[in-house]
Every structure is written in C-alpha cells, then in structure tokens.
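Could you put the whole structure together from the sequences, leaning on the hints where they help?
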Amino acid sequence: MIDRREINRSALLGGLLLGTIALAVVAAPWVAAYPPNAVTAPVASRFLPPSPEHWFGTDQFGRDVFARVLFGGRISLLIGLSVMLLSVTLGTLYGAVAGFLGGVVDHLFMRIVDALLSFPLVFLAVTCVALFGSGLHSLVLVLTFTGWMDVARLVRGEVHSLKHQPFILRARASGLPPRRIVFHHLIPNVLATVIAVAVIRMADVILIESALSFLGLGVQAPTASWGSIINDGRTVLSTAWWVSLFPGLAILATILGLHLLGEGLRFARQSA
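Throughout the sequence shown, residue numbering follows the working numbering, covering 1 to 272 in sequence.
By construction, these hints were calculated from the structure, which means they are not laboratory data. What you are looking at is a predicted structure, and each value in this text was computed from that prediction instead of being measured. Each residue gets a CB set at the ideal place from its N, CA and C atoms; glycine is no exception. Be aware that a few hints might be false.
Derived DEER-like restraints, expressed as beta-carbon distance ranges [to be verified]:
no., residue 1, residue 2, range
1, R9, A33, 56 to 62 Å
2, P50, I195, 54 to 60 Å
3, P222, L169, 33 to 39 Å
4, A253, G103, 43 to 49 Å
5, G133, P35, 25 to 31 Å
6, T239, V26, 32 to 38 Å
7, P166, P222, 16 to 22 Å
Quick look at the structure:
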C-alpha cells in the first residue's frame, strides 16, 4: 500500500525543485556574471573547465556555460509552459465536446485522435518542424499540434462518465444550453485530473524540445535552449564534458521535479 505521506513528500520535493529552477532562470540577468552570447576572442578562454570564475566552464566560443544554462532554461521552460497551456486547452475542449455529444461526433473525433496517436510523437514533431520551420513560434505550434491528443482522450472519458451523473441530467432537464453544461458543469469537474496530467505533459514537451534542438531542428543559434547547448558540446564530450553535462542535469532535474509533482497531484485526486 502506498503511503500518502510519502506521496506528499514527493510532491513537495518536486515543487521545491521546480521552484528553485524557475527562480534561478527568472533571476538569470542578476545571477549570471556574463552575457549568455558573449564571445571571447582569446583562444585561451575557450573550453575552460569549471572554475570559480566560470562555474560551469566555457564552450567553443568562450561563452560562459553557466549563463547559457540559466538563459537557455528560460527558453526551454517558456516553450514547455506555452505548449502545455495550449495543448491542454485544445485537448480539454476537444475531448469535452466529443464526450458530451457522443454518437457519430464522438466516434469521428476519437478516430482522428487514434490516427494521430498511431504516429511516434518524435517522428510527427520532426516531420512538422521540417515542413513548417524551426523558429520559436513554429516550434510551439508544432509541439502543441503533436501533444493535445492524450489530453483529449482523457477528458473525453471523464466527460462521458460524468454526463450520466444526476447533477448533469438535472441540468439538461432544466433546459440549460449545452455550452453552459460543458463549460460550467463538466469541464470544472475534470480540471483536477487535467492539471495533474498537464504537469507531466510539460515534462514531455521539455524533453521533446531538447531532442529537437539537439538534432538542430529546435531553437536556432544564437538563442540558447538546454537542448541546443547539449548539441554544442556533443563533439567534444571526451575533452569538454561540462558543455553538455550541466544542461543535461538541468533537464533531468526539471523533468524529475515535474513528474514528482504530477504524480503527487494525481494520487491526491484519486484519494479525494
């Protein structure tokens, strides 16, 4: 049996971890001692190992890796948060309509979801980026398009179950319009589940964005994201390991924090 206190501690640890990372990236202009894209002319300043002057070392252009990790975290977290909000909103509306209307509409909507889910997520994202470009805005739209289906399926199932509950039947019998029933009665009752899934969804987005940036299909230079910084150091892992290690640890810590928080929220929802 799972100890609720253990789950609460895990959720608290996840929240503290995320809060620390978020605070660090927001305070990047005051914390970082160097600009993230400041190129150093002397060759001796390139690929310097971690030191009191450069906490995370420098890269092939003499740029401070600590500053780039902090500022790159802003981009990675911004993409993750934006895509999470957009995909969760789209998936919630889509799933709520399908679950409430049922019948042919539900069948058609879910077949579209099944068709999109049949493609591997990274493959679908790479294809869309290749077609529509890899700018920041394009990346947000592509990751939103490829990430709303799981939320839609979850919400559809919740709404399909809720619409047979007495309070919904009474609302329909009283003549409330379908829009009001969906937005004022059904969606508020699935929000707790959606929030828990949304937190974990953000972790998936950050991981996929990092993978795309590592492949050169994500955030483009000189703008840094965690994935693009890892890509900068992939050819010198044996000699300048710090270039890729620290952004990799930032991704790991963020995803761990999101999963701990998301699992804690989901368990709290199931126990309620």
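Going down the list of hints, with the structure as the test:
no.	hint	verdict
1	R9 / A33: 56 to 62 Å	violated (35 Å)
2	P50 / I195: 54 to 60 Å	violated (38 Å)
3	P222 / L169: 33 to 39 Å	violated (58 Å)
4	A253 / G103: 43 to 49 Å	holds (46 Å)
5	G133 / P35: 25 to 31 Å	holds (27 Å)
6	T239 / V26: 32 to 38 Å	holds (33 Å)
7	P166 / P222: 16 to 22 Å	violated (59 Å)
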